[in-house]
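Participant: Listed here are the chains, written in short residue letters.
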Amino acid sequence: MSTFVQATTVAEAVGAMSGGARPVAGGTDLVVGARQGKAPLPESIVAIDRLDPLRGIELSGGRLRLGALVTHAEIVAHPGVLEGFTALADASAIVGSHATRVHGTIGGNVMNASPAMETGGPLLCFDASATLESVAGSRQLAVAELLAGPGETTARADELLTAIEVPALPGAGSCYARLEYRRQMEIAVVGATAVIVLDGGLVTDARIAITALAPTIRRVAEAEEALRGTDGGRAAAEAAAEAAAAASAPISDVRASADYRRAMAAVIARRAIEAAVARARGENVPVPASPALHGAV
Amino acid sequence: MATVEEPRAAEALFIRPDGKEKVTGLGRYTADLNLTGQAHAKLRYADHAHARITRVDVSKARALPGVLAVLTHEDVPDVKYGGMVQDRRLFAKDKVLWEGDVIAGVAALTAELAEQAVSLIDVEYERLEPVVDFAAAEGAPLVHEDWESDSGDDTMGRDGNRIGYSTIVKGDADAAMAEADVVVKGRYTTDCSQGVPIEPRAVIAEWHGDRVTVWSSTQVPYAARAGVATVLEIPESSVRIVVPLLGGGFGAKCDFHFEGHVAALARAARRPVKLVFSRREEFVAVDHRREGMVIELETGAKADGTIVAHRGRLVLDKGAYCGEGGFFAQMAAMHACGPYRMENIFVEASLNYSNTQPSSSIRAPTAPQTCWALEQQIDELAHALGLDPVELRRRTLIEEGAEGPTRQVFEKLGMKETLERAVEMIGYGRELPEDEAIGVACGWWPCFGAPSGAYVQLHSDGTGTIITGAQENGTGAVMAFPILVAEQLGMSPGDFSLLYQDTDAAPWDMGSCGSQTTFNSGRAAIAAAVEVREQLLDAAAAKLEVDREDVELVDGEARVKGAPETSVTIVDLVGEGGPFHGKGSGDVPEAPECDAEGCVGRLGMESFLAPQLITQAAHVKVDRETGVVRVLKVAAAHDSGVIVNPMGANGQVTGGVVMGIGQALTEGTQIDAEGRQRNPYLLDYKLTTAADAPEIEIAWVETPTANAGPKGSKGIGEPPCVATSGAIANAIRNVIGTPVRQLPMTPERVWTATREGNQ
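Taken in order, these protein sequences are the chains called B and D.
At position 263 of the first sequence the residue is numbered 263 (our numbering), and the sequence of numbers has no breaks.
At position 172 of the second sequence the residue is numbered 1172 (our numbering), and the sequence of numbers has no breaks.
Do not take every clue at face value.
Unchecked claim - Pairs of lysine to any residue residues, derived as SDA-like cross-links and limited to a Cα-Cα distance of at most 20 Å, are as follows:
#1 D/1302 to D/1395
#2 D/1060 to D/1136
#3 D/1583 to D/1459
#4 D/1080 to D/1093
#5 B/38 to D/1678
#6 B/38 to D/1045
#7 D/1412 to D/1425
#8 B/38 to D/1116
#9 B/38 to D/1111
#10 D/1633 to B/184
#11 B/38 to D/1278
#12 D/1633 to D/1425
#13 B/38 to D/1676
#14 B/38 to D/1683
#15 B/38 to D/1047
#16 B/38 to D/1684
#17 D/1633 to B/292
#18 B/38 to D/1425
#19 B/38 to D/1281
Unchecked claim - Okay, the calculated bits of chain B under chain D, using three or more residues with CB under 8 Å as the criterion:
#20 45 to 58
#21 250 to 257
It should be emphasised that the hints constitute simulated quantities derived from the structure, not laboratory data.
Just so you know, these numbers come straight off a predicted model, no measurement behind them.
Note that the Cβ used here is the ideal one computed from N, Cα and C, for glycine as well.
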């Protein structure tokens, strides 16, 4: 017997989850996956889409708080995100289609834990953390520790993601870029995030992550190291991008061969770094960056 | 309530009658229909691409509460069916031949129960080696072990795994090749691809005594009727096919598909039964895809560009069953020659069985892939000759009086004019950024003469109804009939309603296939209107007391020529009583003469009736580092004869170009070593989205064509996707300096070609 609960409070939602219910917000992964035969709809579902505490984007005290129900469309439309967390806006702007971005939430995106998810790289590079609630209480966990593998997180089944918090990095220029075969309804074949802080023309902080190139999205310390202390120019970007490609563990599948993915890792990482450096210098690179970097007009 | 305004564009003669309901969501498709007491069907598909069935046990499925019927081959007549070769049964009997082969069908109270019952059917197999590499099918295990006992067309050249073999032979290609100044060679391979109608198919069947009504999302209701009658061994007159709104077909809904399974289930369940496909089934279970090919071409020319010799060897993937695609070898061979003057030709094409999804007509079957290969070779020939590719085409394309591959002498046609219009629209030869280029491709496609029939009747309020057997699959082709009929009667297209999509209402028609609706069914509608015209003229002459020869029908009136004040309105005329109704078929155009002596596997494609001619030019931008190609603009110039409905014709080109871009760049079905599709879903079978669609500029070279359709028209449905991939291929080559010889030209393939070209 399948059950459906429309939660009106967070307590009600986590209560249902403690009884085995799975949460649904936008439904863009759950419903599409069930229709595709990937996984049947859960026997017990709790709808969390009317929980006001899970809504809204707040930017104060050097922290960005994204309620779990914040949609990609809301992220892209937020001036503070565009200004200080540009890579996240790049990512949310190219998730799925217009319809996906209006219905799909940041919470669902993170908890779906796809190694190809667009927002994961920016969240890792900005050291974002997740707030998980259950009947037992609340805890904070770095997103880097939350993502465990394809479709897997370290959250317990009874824990509800309620918010994502992202500390600001003043002066940072950032970019998320992906290889895309078409302009809409696309999924990353290769993706890369770069967050760059410049001081006096030199890179003082660099954070690089690669997407769809390993079982989870991962930061690449060697690439970050290759950038620090440089001018962030072409040579440094190439060296860092090569390090990112070397750290990838790509697979061959229906979307691309491992060889092509590895080669593209270097190209896409370099482009993300160059765009992030340009933004750190105050130059204008439109959001989303990917179309502009991939032969669009 | 909002109203739809009259169209403003001068080209818009009228609004499609089905447009408003489709745009507003009021339209009802087959899956929207529900009948009282209906049960739901699911099909049990093969678990392997090639295996002998050793045991089928349906007892657990039959025992499941809520299951009303479970059918296997034991429960229906042992009948083999198919187009040119009858090689398939409704339910697999001895072997399964591809992953979508149907072993059993279930009808149950709910779709979920039917699904559960399907999974309870036990099937045991002896696995056999699947034939996946269709080009190596000769010598491989036989797909159809009893192929010799399958009835079929004797001219096809069947032999084991080869279901068809055709040649085009003209002069002595070997001798002429040896004397050519320049020879170019190429080997090209293409993945199979899909039609992907946005509406997955649906079928509902309901019996009334011995008669069955089937609502089906089919492009060809009369073929569906014949199929049901054949497999159930009942008279055709006992089968009625009704087609609700059809949400796209692209050829994938041609032929008889699942109407027989659902009708059999409905009879066994004693209830109406409904089958609705999932998107996955629309990929895996449908016996209609565009065929994969291996194409080897060699062309020799004199220094001035004269093509003296052309050789080709093509192998086409037929997949598991014949369906209606038995003619593909000859069609591909003709496209391997193209609309060019070639002095000596030897092209051979083999159509091979394999253990994969059957190939059948998808919009211009065999043409886009073969054109893509040939047009790349024509460009390579131009480069080898030191000629501009457009200039080489100017010198070699067919024109009035030219001789085709089988010495068909062409009447007036606008092939070269399409070339000039396309290069003009695209701005050929202008300076472009170094990562952009223009490519040009030419192609052709024949018209198919076929019988058709229509009725036209006028009502006492002065409106009329056109009753036609023609079907439409989203193209709006039948919507042009009111234009043709109104013109005969001095009335306006908006005066006419259409009754179609019902095999009990109208005469036989080939259906929405072969770009034939205006061409054949339009002719029938005109013939029916001419009968009504005679009746109106008789009535007007009597009413006005004038000589019949002096009466004309203009602007809703019958009036005396030269004395328009002596008139009677058609409304008044009809209101006084009739009868005002007519029927018509018109004369089917005859196939043009040719000399196909020496060609084998002749199936009627050796001459091209009223050829539809195409030049498309593509302006692309290539990201050399990634291989990603963006199409910025396509200029499409077509000779489809006189254009009857400009808005509809432009819509066909726009849609065809977008489909062509998908075929060129992203759309390919990948098949693993076991014969299974690897990407039977829309995330990884990548259609072109609206966001990817380029600017498309269209020009019509309106050549009034004798021995063709109404008013000198030709077909238009299929040609728009024929030349697009060739034009894009040549543009890509002009950026990266090397050809991409695999279709689709995915980013990885373009990237690989770029790297190999640089080495």
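Participant: Each hint should be assessed against the structure and marked as holding or not.
Facilitator: Results of checking the hints against the structure:
no. : hint             : in the structure
1   : D/1302 to D/1395 : holds, 12 Å
2   : D/1060 to D/1136 : violated, 41 Å
3   : D/1583 to D/1459 : holds, 15 Å
4   : D/1080 to D/1093 : holds, 11 Å
5   : B/38 to D/1678   : holds, 14 Å
6   : B/38 to D/1045   : holds, 18 Å
7   : D/1412 to D/1425 : violated, 23 Å
8   : B/38 to D/1116   : holds, 17 Å
9   : B/38 to D/1111   : holds, 18 Å
10  : D/1633 to B/184  : holds, 18 Å
11  : B/38 to D/1278   : holds, 13 Å
12  : D/1633 to D/1425 : holds, 10 Å
13  : B/38 to D/1676   : holds, 17 Å
14  : B/38 to D/1683   : holds, 13 Å
15  : B/38 to D/1047   : holds, 18 Å
16  : B/38 to D/1684   : holds, 14 Å
17  : D/1633 to B/292  : holds, 18 Å
18  : B/38 to D/1425   : violated, 47 Å
19  : B/38 to D/1281   : holds, 14 Å
20  : 45 to 58         : violated (count 0)
21  : 250 to 257       : holds (count 4)
Consistency with the previously given hints fails for numbers 2, 7, 18 and 20, ordered from lowest to highest.
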